[in-house]
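Q: Let the hints inform the model, and build the full structure from the sequences given.
Protein chains: 2
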Amino acid sequence: MGKDKGPTFNLKTPKGTKDWSGSDALLRDRIFTTIANVFKRHGGTALDTPVFELREILAGKYGEDSKLIYDLKDQGGEICSLRYDLTVPFARWLAMNPDVRSIKRYHIAKVYRRDQPAINKGRMREFYQCDFDIAGTFDAMVPDAEILRIVSEVFEELGWTGRYTIKLNHRKILDGVFAVCGVPDKMLRPISSAVDKLDKMPWADVRKEMVDDKGLDPEVADRIEQYVMNKGSRELLDSLLKDETLNANAFAKAGLEEMALMMDYLEAFGVLDKVSFDMSLARGLDYYTGVIYEVVTEGSAGVQADSPEAQKAEKSNKGKSKQPLEEEDRSNDPTLGVGSVAAGGRYDNLVGMFQPKAQIPCVGISFGVDRIFSITKARLEREQKSDALRNSEVDAYVMAFGGKGFNGMLKERMEICQKLWSAGIKAEFSYKLKPKLPQQFKAAEQGAIPFGIILGEEELAAGKCRIKEMGLPEGHPEKEGVEVEIASLVPELQTRLAKKQQGAISSLAQQLQGTSV
Amino acid sequence: MGKDKGPTFNLKTPKGTKDWSGSDALLRDRIFTTIANVFKRHGGTALDTPVFELREILAGKYGEDSKLIYDLKDQGGEICSLRYDLTVPFARWLAMNPDVRSIKRYHIAKVYRRDQPAINKGRMREFYQCDFDIAGTFDAMVPDAEILRIVSEVFEELGWTGRYTIKLNHRKILDGVFAVCGVPDKMLRPISSAVDKLDKMPWADVRKEMVDDKGLDPEVADRIEQYVMNKGSRELLDSLLKDETLNANAFAKAGLEEMALMMDYLEAFGVLDKVSFDMSLARGLDYYTGVIYEVVTEGSAGVQADSPEAQKAEKSNKGKSKQPLEEEDRSNDPTLGVGSVAAGGRYDNLVGMFQPKAQIPCVGISFGVDRIFSITKARLEREQKSDALRNSEVDAYVMAFGGKGFNGMLKERMEICQKLWSAGIKAEFSYKLKPKLPQQFKAAEQGAIPFGIILGEEELAAGKCRIKEMGLPEGHPEKEGVEVEIASLVPELQTRLAKKQQGAISSLAQQLQGTSV
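Respectively, the protein sequence lines represent chains A and B. Okay, so the first sequence: first residue is 1 according to the UniProt record's numbering, each after it adds one. Okay, so the second sequence: first residue is 1 according to the UniProt record's numbering, each after it adds one.
A portion of the hints provided could be inaccurate.
In this list, chains with the same sequence are indistinguishable; a pair is considered to hold if it fits within one copy or across any two.
What the hints assert, rightly or not - Straight-line alpha carbon distances no greater than 25 Å define the calculated DSS-like cross-link-like pairs of lysine-lysine that follow:
1) LYS432 x LYS377
2) LYS253 x LYS231
3) LYS274 x LYS411
4) LYS15 x LYS73
5) LYS186 x LYS442
6) LYS500 x LYS197
7) LYS500 x LYS40
8) LYS500 x LYS464
9) LYS434 x LYS404
10) LYS274 x LYS419
11) LYS274 x LYS15
12) LYS12 x LYS110
13) LYS73 x LYS12
14) LYS499 x LYS40
15) LYS432 x LYS208
Note that these hints are calculated values from the structure, not bench results. Model, not experiment: these values are computed from the prediction.
A: Rendered as structure tokens:
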């Protein structure tokens, strides 16, 4: 091994997986940090579960998608599988810990699905989920509303102000609508799933699927249209609350009352204006029992459909069941709808599947980080915010130069670095004994490092060195740097770093709260 | 499912794995953050690789321990295994990316080993590693010295000042010693592994193993003793540099010269006083080619053996091959020696095993976070620093009270929370419509939340509320809280939070830089 000529290995990552490095890894990390900080601000505590679970824990939770679960080989002992999401492990943990009757937990980790990967579409077999869930028995809609406040804080802090909409609906309202329209019980699931396609298909196509493919009475379909095509806010809710037919149904009545509470609380939390009550939102997963929501952003189908341009486009596309753009946008994550970047809802019965005595109601949200990453990166590239696309965050590059017989000043560079590191300043230097000055400048430029610390023999002998801000234009008075006492290098550099950070775009939010829409 | 009485599931995590939650998860997160911040300060960039690799990538890298690798089931397609460490995936990535000739990368992630678990001893099948490695062709010992500077910064910032020692040796010196002592080539590996046990066994036992079990000539063993029992600093190195027999060996000479350079650089980095040149350090893994090092701390065998008490204890234990304490201390991580909390070295040939044309020298360090966590937690408990053992980091609990007919002020509490969240303050409130005041105080106390924000009907009508610092003693002038204008609640609370943080132990380092040793 290793003795042969040429590579003897198949040098690749497994199908549907990839390595993350450089500016991509750094940007994704900053998205994680932004999201985790919001979770902590709301009292979230971290839960970390094993990457694999006993296979029986996952069994019967994902319906047809169970075939996508990765199994571990039987090497003797327990039979295990890689986790498919973070929700089932959370429910398993709650069932296992009867002392915990309520918790706000967050979990940012990878999940695994043996789906057909499409890397250029962002559909991977290994991908991250960022989940926040509130478990416990509380007064109606209070934690539910806080979840949407969390959603709004995350996207505001990612700099998406004005570019996202939280679509909101309630499973009970939907069930009530289907009942009063006359959908037979056994057709509830397929009709609900057809309605859920309204974010990517016009009504005519959805109706066709209901009537032609699923055998629904055309009159029932027309009655459904009168409800599910509505979206709005309080005025829509008010009109539904006056609908006597609908309110005669116990499910619908309960759902509408909860929705009224929800809107009151969303207003108190200052997020009602980010929410669209969208009666076509149905959500795929079976385990939702109350409010359901999905976040869509610019360029995703749901938002486009709201704009007049998109409605025009929709009309001209009648009869086409899929548009290329929408196909591109599709997530590999069945918990997310088409074009959505976060999704969730209330699921009151999942914990009871593990431990009937430990029934604990839950409500939560899952952020699709891979898609948020792609949209964020594309915007940074479009707006040429290269600062946000650096490989590392180094503050200073310590370099030296000298004339003939120059010894490279390695130890002096090391001692300066030591001072900087001890002060918490991120610093690098060349690992060469005698690096050339242009090489050192090149290294600082390649790393987009904002400051060079330059050691020269004469200055050093006088106890001085030079701070040079990189990338200043020709003719700038400080183009050649500023001489400072080595004893005051740390505070001098800290002042300049603070100033640079203040003047420039510094936080991810600031970088992303751009000018273009 | 879920319809039966009683649990129908085996509610547990797989053997050798566990859930992390509450204060344990929070403390571990803070250790990760401390370590990652040091990595970034030295220009480290994140690399994230898939949790599983093609099986052939892992094959032939771990010798006998290969039997501990977890395999995925063959579900059609590629044959994969869970990663066993982070070093082999890094080497695979370097071999796959020929554009990258040099990099400082860090990786904090879980690895998997089907070892016999011993949970109360901290030996798990799923555990974290925190790795930093520098790849590239540079002048001798420069990156090697920076790695030890990183080691020292991590432990200083974890608050371990004066409580850890970096044991340092060089594979070439060891090879030279064995050669000049007369160890036959084919016995190099077993004799080296016997020497490595000197941190947990007295010389007499090691000698016995060499002579009786491995058939080494007793005279050769006695010559080895003259070398490997030495530990020290520059004075030891100087005496070895004068040893003509040793310097006649090319390996030893090269190793000693590199060690001299290393000590110069460690001095420039200000860490020479934390390093012990320990000639008995051999390290288990085969792939090391240059400097090797291991960090030991109080209570671990290596440090105890240096103290007079430990030497006494050692003598009285002669003949016993294992002490219970040492057994307790044993890591499940073969990259770590007994009692060590971090370990690493230079490995110049690993990348070439994947891609002979892409030979890239590397040097790195792996921190054993599970052991660092256990030691840190035990100390916090011993020193009763409960503040560092909270479940979450919430700043304020917003509560309300009122007389007869009190409506609970839910929306008012929500609005106050909204103000606090918008200002970045971590805040919680009761999810009950009409919570009782004692319940709300209890919730704040249980979460060790430092401030209560109290809303009363009369104060609210006057645009005011009360900030109450929790846990003030009876008789304190602010025991009942301080009334403030709601308009200035945010700055008032921020001032108090900043003051509390300043006065109290705030960072992990501050919490851990305790008084007891």
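Q: Each hint should be assessed against the structure and marked as holding or not.
A: Hint-by-hint comparison with the structure:
For the identical chains of this complex, LYS432 and LYS377 are neighbours neither inside a copy (35 Å) nor across copies (41 Å), given an alpha-carbon limit of 25 Å. Only within a single protomer do LYS253 and LYS231 lie at most 25 Å apart by alpha-carbon distance; the minimum there is 18 Å, versus 80 Å between protomers. Proximity of LYS274 to LYS411 under the C-alpha cut-off of 25 Å is restricted to the inter-copy arrangement: shortest distance 18 Å between copies versus 57 Å within a copy. For the homomeric pair LYS15 and LYS73, the shortest alpha-carbon distances inside one copy (18 Å) and between copies (15 Å) are both at most 25 Å.
In this homomeric assembly, LYS186 and LYS442 never come within 25 Å of each other (Cα to Cα): the closest approach is 69 Å inside a single copy and 48 Å across copies. In this assembly of identical chains, LYS500 and LYS197 lie within 25 Å of each other by CA distance neither inside one copy nor across copies; the values are 49 Å within and 53 Å between. In this homomeric assembly, LYS500 and LYS40 come within 25 Å of each other (Cα to Cα) only across copies, at 19 Å, whereas the closest approach inside a single copy is 29 Å. For the homomeric pair LYS500 and LYS464, the shortest alpha-carbon distance inside one copy (23 Å) is at most 25 Å, but the shortest distance between copies (40 Å) is not.
When the C-alpha separation of LYS434 and LYS404 is checked against a cutoff of 25 Å, the pair qualifies only within one copy, where the shortest distance is 12 Å, while the shortest distance between copies is 82 Å. Proximity of LYS274 and LYS419 under a CA criterion of 25 Å is satisfied inter-copy only: 17 Å between copies versus 48 Å inside one chain copy. In this homomeric assembly, LYS274 and LYS15 never come within 25 Å of each other (Cα to Cα): the closest approach is 39 Å inside a single copy and 46 Å across copies. In this assembly of identical chains, the alpha carbons of LYS12 and LYS110 lie at most 25 Å apart whether taken from the same copy (19 Å) or from different copies (20 Å).
In this assembly of identical chains, the alpha carbons of LYS73 and LYS12 lie at most 25 Å apart whether taken from the same copy (21 Å) or from different copies (19 Å). Within a single copy, LYS499 and LYS40 get their C-alpha atoms only as close as 29 Å, which misses the 25 Å cut-off; across copies the closest is 21 Å, which meets it. Proximity of LYS432 to LYS208 under the C-alpha cut-off of 25 Å is found in neither arrangement, the shortest distances being 71 Å within a copy and 46 Å between copies.
When the structure is compared with the earlier hints, violations turn up for hints 1, 5, 6, 11, 15 and for no others.
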